[in-house]
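Novice: Residue numbers (this note's numbering), protein chains in the order written: chain A, 1 to 263; chain B, 1 to 263.
Please keep in mind that the hints were generated in silico from the structure rather than gathered at the bench.
Please note: incorrect hints may appear among the correct ones.
[As the list claims (entries may be wrong)] Computed cross-link-like contacts, DSS-like style, restricted to lysine-lysine with a CA-CA straight-line distance of at most 27 Å:
#, chain 1, residue 1, chain 2, residue 2
1, B, Lys199, A, Lys120
2, A, Lys145, B, Lys75
3, A, Lys199, B, Lys199
4, A, Lys236, B, Lys75
5, A, Lys153, B, Lys192
[Stated by the list, open to error] Reference excerpt, derived from the structure (chain B facing chain A, CB under 10 Å, subset only):
#, residue
6, Glu102
7, Phe103
8, Gly220
As the structure is a prediction and not an experimental result, all values here were calculated from the model.
For glycine and all other residues, C-beta sits at the position ideal for the given N, C-alpha and C.
2 protein chains.
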Amino acid sequence: MSYEISMIGSGNVAWHLAMTLDNAGYPVKEVYSRNFRNAEALVDRLYGAEPKSDLDFSNSPSQLFIISVSDDAIKEIVREIILPEEAILVHTSGTKPLNAMEFAATKHVGVFYPLQTFSKSRRIEFSEVPLCLEAADGYTKRVLKEIANNISKHVAMIDSANRAILHIAAVFACNFTNHLFKIAEDILDEHKLKFDLLKPLIVETVNKSLEMGASISQTGPAVRQDFEVLDKHMEKLEYNEEYAEIYRLLSQNIIDTYGESEE
Amino acid sequence: MSYEISMIGSGNVAWHLAMTLDNAGYPVKEVYSRNFRNAEALVDRLYGAEPKSDLDFSNSPSQLFIISVSDDAIKEIVREIILPEEAILVHTSGTKPLNAMEFAATKHVGVFYPLQTFSKSRRIEFSEVPLCLEAADGYTKRVLKEIANNISKHVAMIDSANRAILHIAAVFACNFTNHLFKIAEDILDEHKLKFDLLKPLIVETVNKSLEMGASISQTGPAVRQDFEVLDKHMEKLEYNEEYAEIYRLLSQNIIDTYGESEE
Numbered sequence: 001m002s003y004e005i006s007m008i009g010s011g012n013v014a015w016h017l018a019m020t021l022d023n024a025g026y027p028v029k030e031v032y033s034r035n036f037r038n039a040e041a042l043v044d045r046l047y048g049a050e051p052k053s054d055l056d057f058s059n060s061p062s063q064l065f066i067i068s069v070s071d072d073a074i075k076e077i078v079r080e081i082i083l084p085e086e087a088i089l090v091h092t093s094g095t096k097p098l099n100a101m102e103f104a105a106t107k108h109v110g111v112f113y114p115l116q117t118f119s120k121s122r123r124i125e126f127s128e129v130p131l132c133l134e135a136a137d138g139y140t141k142r143v144l145k146e147i148a149n150n151i152s153k154h155v156a157m158i159d160s161a162n163r164a165i166l167h168i169a170a171v172f173a174c175n176f177t178n179h180l181f182k183i184a185e186d187i188l189d190e191h192k193l194k195f196d197l198l199k200p201l202i203v204e205t206v207n208k209s210l211e212m213g214a215s216i217s218q219t220g221p222a223v224r225q226d227f228e229v230l231d232k233h234m235e236k237l238e239y240n241e242e243y244a245e246i247y248r249l250l251s252q253n254i255i256d257t258y259g260e261s262e263e
Numbered sequence: 001m002s003y004e005i006s007m008i009g010s011g012n013v014a015w016h017l018a019m020t021l022d023n024a025g026y027p028v029k030e031v032y033s034r035n036f037r038n039a040e041a042l043v044d045r046l047y048g049a050e051p052k053s054d055l056d057f058s059n060s061p062s063q064l065f066i067i068s069v070s071d072d073a074i075k076e077i078v079r080e081i082i083l084p085e086e087a088i089l090v091h092t093s094g095t096k097p098l099n100a101m102e103f104a105a106t107k108h109v110g111v112f113y114p115l116q117t118f119s120k121s122r123r124i125e126f127s128e129v130p131l132c133l134e135a136a137d138g139y140t141k142r143v144l145k146e147i148a149n150n151i152s153k154h155v156a157m158i159d160s161a162n163r164a165i166l167h168i169a170a171v172f173a174c175n176f177t178n179h180l181f182k183i184a185e186d187i188l189d190e191h192k193l194k195f196d197l198l199k200p201l202i203v204e205t206v207n208k209s210l211e212m213g214a215s216i217s218q219t220g221p222a223v224r225q226d227f228e229v230l231d232k233h234m235e236k237l238e239y240n241e242e243y244a245e246i247y248r249l250l251s252q253n254i255i256d257t258y259g260e261s262e263e
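Given only the sequences and the hints, what does the whole structure look like? Please build it.
Specialist: Here you go:
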């Protein structure tokens, strides 16, 4: 069955999610943004939505209201939003628990969290994006699952506690990984070497790790317990205390992880 | 002009490099391995090579001798190998300096380092592999460059000091990245969550970072200076001191890297 949708927010997640839903036969009827222009910009990409700059949805035709704003703004919107009867209200945050909506004007609350990083300028194959759902009641759960299954191949019910764990894991695997690239770039810059040289190795390392598993793919001086190379590297990193400490700590953790199983 | 080649070693790098050279019109004539069977296995994949288990190459038809063995074994091979006159001798190590070959029986020594991770079971598009060259004399440099340019689009002269820097950067961008995936997997395992859920996010994060640059791509609680989330994550990581410390240190470094430019 079809549901009409109102999108509260016009950032990167709202942008991709609204277009995906609109194209999948879940018409987005309204887009709210504090900044009316941003609402209009997203409305321009949709079939029949109206821009809105107030949170009074009492006359809305929609059944599902998706709050897709920065984490800090969720609480205030939940408090201020006026909803039609039996409305379902969800947020799309990976970090905020379900009870961030405890003071909502509806009992049909949930979470609709797409586990992906979005930019307006980058196309994402939405059907490959894992959707992590949570719902306060059976009706909400049924509706969210139905919609989610129509736009993604990877739908999972994940409660707030597990979503927090997922977020921590994502910080390690994604935020920190990106920062390691930054450190590598910085070290190379320091010596007028180009980061481009490393890119083929990075791509192959990541592909290999995801296909074969991280444990079997681990290489480098730490897993080999090549203390001569480790010492030389630490020495060369003395100019930046934090880099040296990151190097030391990650190498130590690799040694601790694999050390006992070897010899 | 063509050169005949003898490969000393039959590991992952030797395997890919020998086949690439053989196919590019640089016939591999001999393959040495301490273990004769390993030499035979590689010879089977080449057009006209002979397996060898001794290091006497005095009657070799080759002009270029490539030592592609584990770092620790290089020195001994350099000391033991018997070469024809005017032979060029190179190693393929990212970590060992040119002077690892100071006692070689030839003055034509160099480094022929393919900056990539190789497995026998994975196909690599060799023309995309950066080749880092170093040479002790002009003749060696000319020959290595000519051969390198015929098998790769990315050839750079990199001296031993810069190759060491490149290696440190690769440890951060590749070895440590792989280990962060392992940590993420481990955290998810602990809560019976599947690492597969994170894979689309990892792929997009890495692609985005390599295409748009790491600085502009940095996301997450640390760069947002979201101390509420950082504290919560640290608390959840208390069960593993090293993970907690890695989280703290990398988050701190992200804050220090981006903090001053914001507000």
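Novice: Quick one: which hint numbers does this structure break? Sort them smallest to largest.
Specialist: 2, 6, 7
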